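> Here the protein sequences line up with chains A and B, keeping their order.
Those letters in the first sequence? Residues 1 to 319, per the UniProt record's numbering, in order.
Those letters in the second sequence? Residues 1 to 319, per the UniProt record's numbering, in order.
For the record, the hints were derived by calculation from the structure and aren't laboratory data.
As the structure is a computational prediction, the values presented were derived from the model and not from experiment.
Idealized CB from N, CA, C, for every residue including glycine.
Watch out, some of these pointers could steer you wrong.
[Stated by the list, open to error] To give an idea of the chain B side of the interface with chain A (calculated C-beta under 7 Å), a few residues:
1. A21
2. Q32
3. Q38
4. A40
5. S54
6. G118
7. A140
There are 2 protein chains.
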Amino acid sequence: MSLGEFELIERYFMRPARRAALGVGDDCALLQPRPGMQLATSADLLLEGRHFLSTVAPERLGHKALAVNLSDLAACGAEPLGFLLSLALPAAEPDWLERFARGLFALADAHGCELVGGDTTRGPLAIHVTVFGEVPAGRALLRSGARAGDDLYVSGTLGDARLALEAWRGRVALSGEAFEATRVAMEQPQPRVTLGVALRGIASSAIDLSDGLVGDLGHVLRRSGAGATLQADALPRSAWLAAQPPEVQRLCTLAGGDDYELLFTAAPAQREAVQAAAAATGVPVTRIGTIEAEPGLRAVDAQGRPVPLALSAFDHFRP
Amino acid sequence: MSLGEFELIERYFMRPARRAALGVGDDCALLQPRPGMQLATSADLLLEGRHFLSTVAPERLGHKALAVNLSDLAACGAEPLGFLLSLALPAAEPDWLERFARGLFALADAHGCELVGGDTTRGPLAIHVTVFGEVPAGRALLRSGARAGDDLYVSGTLGDARLALEAWRGRVALSGEAFEATRVAMEQPQPRVTLGVALRGIASSAIDLSDGLVGDLGHVLRRSGAGATLQADALPRSAWLAAQPPEVQRLCTLAGGDDYELLFTAAPAQREAVQAAAAATGVPVTRIGTIEAEPGLRAVDAQGRPVPLALSAFDHFRP
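Looking at chain A on its own, in the form it has when it is part of the complex:
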């Protein structure tokens, strides 16, 4: 990139290191987890048209690029420490960069997560974040810990991000007010970092919902060697989604994607502890099913009747 573009990056993205041993500006950043802590790390690549719409406000895009990574820390019960930001930009537009940085740093500051380095280049808009957190050794929440008899929980509500996407695609009808409200879920998800930390020692497994409940629950079941039955009508949803036809509700809650809520399991003996963690962090949590020894995923409605989970049921919604 030209010198002018380097200067813009320095202007909008360089801030002094506070927690890192060495921050932006050298060949490497240096991090030092506290004694007894492991370093948790995860990375996500966001591409225009695939992970965000070209019409997204830059502030929301800055927020989302970090949020999806903080969500991975949350799913491990790790506390945020810092992040690397790599940007490919078609051009260095001061207004866009200023707004992107504003949304990014607002979320970063809210979680005490500092920018420690990265990379910039000219190219089609692409955003890559690598996030770092710490978790006490041996206490990270893993996908592999679900056991038969455990309760299955989800935080927040499911499906609003998918509902907004389907409305944007013109496949469902939504009022302007409902579209703006659900669009926030799609473009500015809230990573459940404090809940993840609060669930250490309580939850037996956890994952964050990025690809949709059915798919992500499948990862937990495979790695845990277990099965599950979902209460399909118990899945928490917003008033906007609850006003949609049942078929749309099922699609959006079961196969929504981009929810960034925590899906986790806990032994029935932990029910009070789970609700106390939810209350302490201000994040609602709903019990949505049970882990079972029998492999596979099943779903039932409020009357106990089987609900089909085959993705082909949603084929007419797929691109």
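Go by the hints and put chain B onto chain A.
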């Protein structure tokens, strides 16, 4: 990506964790630096057409994507630990993935650096690597440590990568043999990891050469608050480059880019120690100048006459 593509990624990129506390397959990877060690991290984004030619062999591209990151660890004197790989692929081609993975893991294994996670998505070919290493607390080589009177050194030879690029662009004449030889420097650089580690406690500052000697030395001088005089005719170059006109030699050695050699400084009292580190690691090292209190960068030829360093001198080579 479709399930088939996920399976390909698992097939070519998933290997069991050896040094990481938790590797590929959960929301986060978990790393635990040894007691007293800091974690060094760096990231690079490689885009087709900008950082590599579309004609590059996949093995070499896999090598280079990790090599440019290992080079950042080398510049800090850090020992490689692991890396995250994020890939955007237009399609999942088994042959390409197999060859890319072969080049990637050959270099990773040579440095004991294991893949611990990452991200895959469909999109225009883009490769992002985040690398992790460890360095004893307080002993990392930084850009800021150069002092007036220090010797200035560079490892290996300079300019072959740029020479190959200019030949590919049709701007310089090169035999087929010379092109194939210099092309290896461009496409398959050797990160100077063992030299970087050996220079801990000997070098006063270090940086790896990715943007060209003049530009990267400028970073060291600015952060160290110092100036320097380069011996322009002392810059080490290959026989292929030495056979080119003087103007091409100056361009390629001074402003080449993609060299991935180490540029470092050390007090004159360390001359024997520097040569011992070079001998022990099998990486040739050349003294190319002196750090001075007077700010700015100067260059002289073998007769002590000033050599112009203005980039405008190379303008006819610029794209």
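> Give a verdict on every hint.
Status of each hint after checking the structure:
1. A21: holds (5 Å)
2. Q32: Since the shortest Cβ distance to chain A is 5 Å, the answer is holds.
3. Q38: With a minimum Cβ separation of about 5 Å from chain A (threshold 7 Å), the hint on Q38(B) holds.
4. A40: holds (4 Å)
5. S54: Since the shortest Cβ distance to chain A is 14 Å, the answer is violated.
6. G118: The hint holds - G118(B) has a Cβ within 7 Å of chain A, the shortest such distance being about 6 Å.
7. A140: Constraint on A140(B) satisfied, holds at 6 Å.
Hint violations for this structure: number 5 only, all remaining hints satisfied.
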